[in-house]
Structures are given as C-alpha cells and as structure tokens.
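Chain by chain, the residues run as shown.
Protein chains: 2
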Amino acid sequence: MSSVTGLPELIKAKVRSIPDFPKKGVLFRDITPILKDPAAFEAVVNSIADFFSAKHAEYIAGIEARGFIIGAAVAHRLGIGFVPIRKKGKLPYKTVSKSYQLEYNTETIEVHVDAVEPGKKVGIVDDLLATGGTSEAACELIEQIGGKVVGVGFIIELTDLKGREKLKGREIFSLVQY
Amino acid sequence: MSSVTGLPELIKAKVRSIPDFPKKGVLFRDITPILKDPAAFEAVVNSIADFFSAKHAEYIAGIEARGFIIGAAVAHRLGIGFVPIRKKGKLPYKTVSKSYQLEYNTETIEVHVDAVEPGKKVGIVDDLLATGGTSEAACELIEQIGGKVVGVGFIIELTDLKGREKLKGREIFSLVQY
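For the protein sequence lines, the chains are A and B, in the order given.
No gaps in the numbering here: position 111 of the first sequence is 1352 in my numbering, and each next residue is one more.
No gaps in the numbering here: position 99 of the second sequence is 1340 in my numbering, and each next residue is one more.
Honestly, the hints are just simulated from the structure, not real lab data.
Don't take every hint at face value.
No distinction is drawn between identical chains; accordingly, a pair holds when it is met within one copy or between any pair of copies.
[Said to hold, decoys possible] As a list, the in silico DSS-like pairs of lysine-lysine whose alpha-carbon atoms are at most 30 Å apart:
| hint | residue 1 | residue 2 |
| --- | --- | --- |
| 1 | LYS1362 | LYS1265 |
| 2 | LYS1331 | LYS1253 |
| 3 | LYS1264 | LYS1339 |
| 4 | LYS1335 | LYS1265 |
Taking the hints into account, I'd like the entire structure generated from these sequences.
Listed below in structure tokens is the structure:
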C-alpha cells in the first residue's frame, strides 16, 4: 500500500462479509481484518485524516463504538483532540442528546455539552455509512453545542441505503463503496 | 507537556471527577477532558505506546468502549494492528467469550477466534484499572486464542480496588493513580 492507486480495492479485499448478522437478511461488513493489518489500518486512518486535514478540522468526534477506533486514530494522526459521541447514559457529565429512528426502534446518542468550544471545526467519524440516521444525529449534536461540522468520514459506504441523501449538504468521505 | 517530568500531575489535572455516576456512591473519573486536549491526548497515547514498544507488542487489543479510543491511537502510533475486545453479541464472526463477576451481575466479553495469530505478542489497553475483572478476562481471552499477553496499559489506576492483585504476574502500566 505504498501507492494510493488501488487503495479502495486493497481495503475491500480486507473487508469480511458475514451473512445474517446481526439478523437474518443483513450482510454485515466486518472491518476487523482491516484493523488488525498494520498497512490497511494505517492506510484507512491516513485517508480519513487527509480528508479532515484539508478541512482544517480542530476536533474529531467518533461515534460509539467502531467510530471510536477509527476516529481516535485519526485524531492522534492529526494531533488534535477527540470527542466521543456515545449511546444514552454512558457519558458522565452534562449532555445534549438526540433521538433518531431505526428500522424497528429509536436510538439515542449524546455528547457532553462542553465537548467542543463554539465555532470550532469538527470532523465526524464512523466506520460505515448506511442510512445516515446515526451520522446525521451526530452532526446535529455537534451543532447543538456550537461546533461547526466540516465533514463526515467513513471507511465504507453502502450506497443503496442512500445515506448521502440523509446527509445532504454535508461534505462526505468514504474510502470504499458497496 | 514538552517534558515528561510531572506528566501524571498534568494528566490528573485534566481528569474530571463526577460524584454518583453511574450510581450513588461512585466517584467517576471522566477522561473526556484528556481526550479533547491535543497535548494531553498525545502524551497519554505516547506513554502507553512507549510501554508496549519496549515489550515488542505486535498487536494492541482494546476493551470496549473507552479502551477502543486509547488502544486504537496507541496501535496507530506504534504502526501495529488493533484488535477489538467487545461485549457479548457485537462481533460478527466466530468468537471465544469469557464471563466475569461484577459487583451485582455478570459481564461477558468476546474476541474473534482469528483476532491474533498464535504466539503473537499482544498489549491490552483500557482507560481505567479498577477491580481488574474486565482486564483479566481480556488477557485470558487473548491467551485462549493463542496470543501472548505482554502487558496491560491504563491511563488511570484506582489502587484501593486492588486490580494489580487480580492481574498478578502480569506487566501493568498506569499513568496516574488514585
């Protein structure tokens, strides 16, 4: 992976597709083989870091739980701070929260009220863009506490699920698409 | 934080102590102010990375969820692979699992059976060492799949809870102690 040419193909070759997880009919894209491969992990982190570097991000906010893995490494790479966006009830200090609809239920995520200072540029990171519900809620949370969302970065985008429409008007980066 | 002298004190000054979270009587040590501060985040990651570099770790395994944040940044820093140790039911491929006793209930964590190759040196990372139950289960999981645990690294150690006794015989690093 010394060249950027063909990087998406090299990353795709590392994604493990697992049928019927977490439930029947879903083809789960498992990124753990990427994370365990030093070259693939580094390439993914650097790609997303380059995207946010160009946008002058001052914080990276990662969405629990796989977004923590990629987001924290991206923040470290860029030498900037990391902000966890967590499921309801996990953050100990004062939070703002946002609920959004999933297929069969409602999910709520939260961020600390003082996670970023007003006006700061924030990049949002998760492993995978599906319907975009979680990412859009994450963007709105950051905006609610005064941050400016400069982009949303993913390893994988499932294009059929039209997450880009949900995130319309936002800058989106994904390394590989299915 | 250009000097290592006084680093634990500088990190301690960033930890936010929150009474009665997640339940009455518990003083929660909130590391989010460390994560959001570029210098503090980098210092923490580098300290833990130095510990595992000296032990020639070939993988970093992070424990869900805050261990993902520190562990992934440490793995990226060292240019080695990252392995997620997750709560039951979250990993999509074949897993081994380990249950352990908490104060009022039982918790189960899992790792993919192919997360590391037999004989590989693995460093375990979490944010905080309390009773050591989770960390010891994580060590045993890595050993169960053939890995060699070369150490366990934390930002914070709560010495009263005697986690070191639980992890007896293992190499332990913690940056600050309470």
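Here is what the structure says about each hint:
Proximity of LYS1362 to LYS1265 under the C-alpha cut-off of 30 Å is found in neither arrangement, the shortest distances being 40 Å within a copy and 36 Å between copies. In this assembly of identical chains, LYS1331 and LYS1253 lie within 30 Å of each other by CA distance solely across copies; the values are 21 Å between and 33 Å within a copy. Taking identical chains as interchangeable, the C-alpha atoms of LYS1264 and LYS1339 lie at most 30 Å apart whether they share a chain (25 Å) or sit on different chains (23 Å). Taking the shortest Cα distances, LYS1335 and LYS1265 sit within 30 Å of each other only across copies (16 Å), while inside one copy they are farther apart (38 Å).
Hint violations for this structure: number 1 only, all remaining hints satisfied.
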